[in-house]
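The hints should help you fit chain B onto chain A, whose structure is shown.
Spelled out from the first residue to the last, the chains are:
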Amino acid sequence: MEGPKIIFEIPIFGGIPVTETIVNSWIVIVFIAFLCKFLTWKMQKVPKGKQVLAEKLVLMINGLVEQTMGKDKMRFAPYIGALFVYSATCSLSSLVGLRPPTADLNTTLGWALVTFAMVQYNSIRSHGILGYLKGFLSPTPVMLPMNIVSEAVNPISMSFRHFGNIAAGTVITSLLYGALAAASTVILGWIPNTFISTIPILQLGLPALLSIYFDLFSSCLQAFIFCMLTMVFVANAID
Amino acid sequence: MPGETMPFVSVDVWSLIMTWGNLIILYFIVKKLLFKPVNKMLQDRENEIQKTIDDANTSRDEAHKLEEEYKKHLENAKEEAGEIVKTAQQKAQVRSEEIIRNAQQQASMIMKKADEQIEKERISALEQTKGEISEIAVMIAEKVVKKDLTNDDHERMIEEIIDNLDK
Chain A
1 MEGPKIIFEI PIFGGIPVTE TIVNSWIVIV FIAFLCKFLT WKMQKVPKGK
51 QVLAEKLVLM INGLVEQTMG KDKMRFAPYI GALFVYSATC SLSSLVGLRP
101 PTADLNTTLG WALVTFAMVQ YNSIRSHGIL GYLKGFLSPT PVMLPMNIVS
151 EAVNPISMSF RHFGNIAAGT VITSLLYGAL AAASTVILGW IPNTFISTIP
201 ILQLGLPALL SIYFDLFSSC LQAFIFCMLT MVFVANAID
Chain B
1 MPGETMPFVS VDVWSLIMTW GNLIILYFIV KKLLFKPVNK MLQDRENEIQ
51 KTIDDANTSR DEAHKLEEEY KKHLENAKEE AGEIVKTAQQ KAQVRSEEII
101 RNAQQQASMI MKKADEQIEK ERISALEQTK GEISEIAVMI AEKVVKKDLT
151 NDDHERMIEE IIDNLDK
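Sequences listed follow chains A and B, in order.
Reminder that position 2 of the first sequence reads as 2 in this note's numbering, one-by-one numbering, no gaps.
Reminder that position 79 of the second sequence reads as 79 in this note's numbering, one-by-one numbering, no gaps.
Looking at chain A on its own, in the form it has when it is part of the complex:
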């Protein structure tokens, strides 16, 4: 299994590699930007059609943030919303044949590190630097190494969970495609025409069933889990 291809290099600092992940992220960002603009185009007091979708999405995320973090932390709603839409769309981009950016550890690790930074920043901001440091000594000073490890491990576990699920989906799907291609050759191998005998006929239809789980369900679920964890960690850090 290969990682993302390098599409081109920016010729500064000795060449910055721009991978498939980054390019696909840009495509996703442009798509989301158009989607947002389209859904909120000419909004009216009495909602109609696409506006209902936009309102439903915002209300859902607002409700989720309010429920999980509390009414006083509604300022995080746009970030959580952005993260959710971004993550879900990135994972779902595999449906149109793109390599999902979330199948690259760098993407999920980047997001998890942002969550980590938010947690540390908000913890210091609401408890003061002393209170923040004291938190590592609770309930007893003996727990200090444990607390540090549990804090430091968060971004790793978050990023690997998300990356692993999506990447595994891609891996399993490609394994399945390979297996189905081999099976097709076995079935059609007796036909002397080499063109017909190499048609991977079994690849038609069957992977779609797996795709329902790995692409549709897993994409939305992982986006939800990632946002949920971010909300819980940040809310805990503030309270």
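Be aware that one or more of the hints could be misleading.
[What the hints assert, rightly or not] Each computed DSS-like pair below joins lysine-lysine, with the alpha-carbon atoms no more than 30 Å apart:
(1) A:Lys71 - B:Lys32
(2) B:Lys71 - A:Lys50
(3) A:Lys45 - A:Lys73
(4) A:Lys71 - A:Lys50
(5) A:Lys73 - B:Lys51
(6) A:Lys73 - B:Lys143
(7) A:Lys71 - B:Lys31
(8) A:Lys56 - B:Lys86
(9) A:Lys73 - A:Lys37
(10) A:Lys71 - B:Lys86
(11) A:Lys56 - A:Lys42
(12) B:Lys32 - A:Lys50
(13) A:Lys134 - A:Lys71
(14) B:Lys31 - A:Lys48
(15) B:Lys51 - B:Lys31
(16) B:Lys40 - A:Lys48
(17) B:Lys78 - A:Lys37
(18) A:Lys56 - B:Lys91
(19) A:Lys48 - B:Lys36
(20) B:Lys40 - B:Lys51
(21) B:Lys143 - B:Lys120
(22) A:Lys37 - A:Lys50
(23) A:Lys42 - B:Lys72
(24) A:Lys5 - A:Lys42
Please keep in mind that the hints were generated in silico from the structure rather than gathered at the bench.
These figures come from a predicted structure and were not determined experimentally.
Relative to chain A, chain B alone:
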């Protein structure tokens, strides 16, 4: 190099930095293009609904107040009407009594006048009768006595006869 592939699991600093950049860009896109307009719209709608409800409440309160006022007015009007009827009745009573009294007065006056007239007539008739009777009496007396009476006797006799008549 372009065309090369990255390892399946790797941490690449440039990719991380670009991911952060992308995330920040997307955050602002979602915030400005989705959350801001939708939240504003939701808030506007909420405000409008609140305003409508408030207006409706105010209108209802006003209507209640007006209703109370009208009820009071109506009651007052009823009272006034009753009073007006009452005063009118009283006035009519007074007036009718006055009219009746006047009528009675006039009637009694007429009666009195008539009585007086009757009395006068009676007296004058009496006088006349008196004269006639006295003449008749004189004639009778002359015939009876066949002689002239003195004037004094004459008078006395007449008086006597009249007095007897009166009784």
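These are the hints, each one checked on the structure:
Between Lys71 (chain A) and Lys32 (chain B) the alpha-carbon distance is near 21 Å, which keeps this suggested pair within the 30 Å criterion. For the proposed pair Lys71 (chain B) and Lys50 (chain A), the alpha carbon gap of about 52 Å is over 30 Å, so the pair is violated. Taking the CA atoms of Lys45 (chain A) and Lys73 (chain A), the gap is about 27 Å. The hint holds against a cut of 30 Å. With a C-alpha separation of about 27 Å, the suggested pairing of Lys71 (chain A) with Lys50 (chain A) holds against the 30 Å cut-off.
Annotation: proposed proximity of Lys73 (chain A) to Lys51 (chain B) holds, straight-line Cα distance about 27 Å (limit 30 Å). With a CA separation close to 157 Å, the supplied pair Lys73 (chain A) and Lys143 (chain B) exceeds the 30 Å bound. Taking the CA atoms of Lys71 (chain A) and Lys31 (chain B), the gap is about 18 Å. The hint holds against a cut of 30 Å. For the hint linking Lys56 (chain A) to Lys86 (chain B), the alpha-carbon distance of about 72 Å lies beyond 30 Å, and the restraint is violated.
Taken as a hint, the Lys73 (chain A) and Lys37 (chain A) pair is honoured in the structure, with Cα atoms around 26 Å apart against an allowance of 30 Å. Note on Lys71 (chain A) and Lys86 (chain B): the hinted pairing is violated, with a Cα-Cα distance of about 70 Å set against a maximum of 30 Å. Proposed proximity of Lys56 (chain A) and Lys42 (chain A) is supported: the alpha carbons are some 16 Å apart, at most 30 Å. Proximity of Lys32 (chain B) to Lys50 (chain A) is assessed by CA-CA distance (about 18 Å); at most 30 Å being required, the pair is judged to hold.
For the hint linking Lys134 (chain A) to Lys71 (chain A), the alpha-carbon distance of about 27 Å falls within 30 Å, and the restraint holds. Restraint check: the Cα-Cα separation between Lys31 (chain B) and Lys48 (chain A) comes to about 22 Å, which is no more than 30 Å; the hinted pair holds. Between Lys51 (chain B) and Lys31 (chain B) the alpha-carbon distance is near 28 Å, which keeps this suggested pair within the 30 Å criterion. For the hint pairing Lys40 (chain B) with Lys48 (chain A), the CA-to-CA distance comes to about 16 Å; that is within 30 Å, so the pair holds.
Annotation: proposed proximity of Lys78 (chain B) to Lys37 (chain A) is violated, straight-line Cα distance about 68 Å (limit 30 Å). Simply put, Lys56 (chain A) and Lys91 (chain B) have alpha-carbon atoms about 79 Å apart, too far for the 30 Å limit, and the pair is violated. Between Lys48 (chain A) and Lys36 (chain B), the direct Cα distance comes to roughly 18 Å. Compliance with the 30 Å bound is thereby established for this hinted pair. This hinted pair checks out: Lys40 (chain B) and Lys51 (chain B) have alpha carbons roughly 16 Å apart, not beyond 30 Å.
Of the pairs offered as hints, the one joining Lys143 (chain B) and Lys120 (chain B) is violated, with about 34 Å between alpha carbons and a cut-off of 30 Å exceeded. Annotation: proposed proximity of Lys37 (chain A) to Lys50 (chain A) holds, straight-line Cα distance about 11 Å (limit 30 Å). Between Lys42 (chain A) and Lys72 (chain B) the CA atoms are separated by roughly 52 Å; this puts the pair beyond 30 Å, and the hint is violated. Restraint check for Lys5 (chain A) and Lys42 (chain A): the C-alpha separation of about 40 Å exceeds 30 Å, so the hint is violated.
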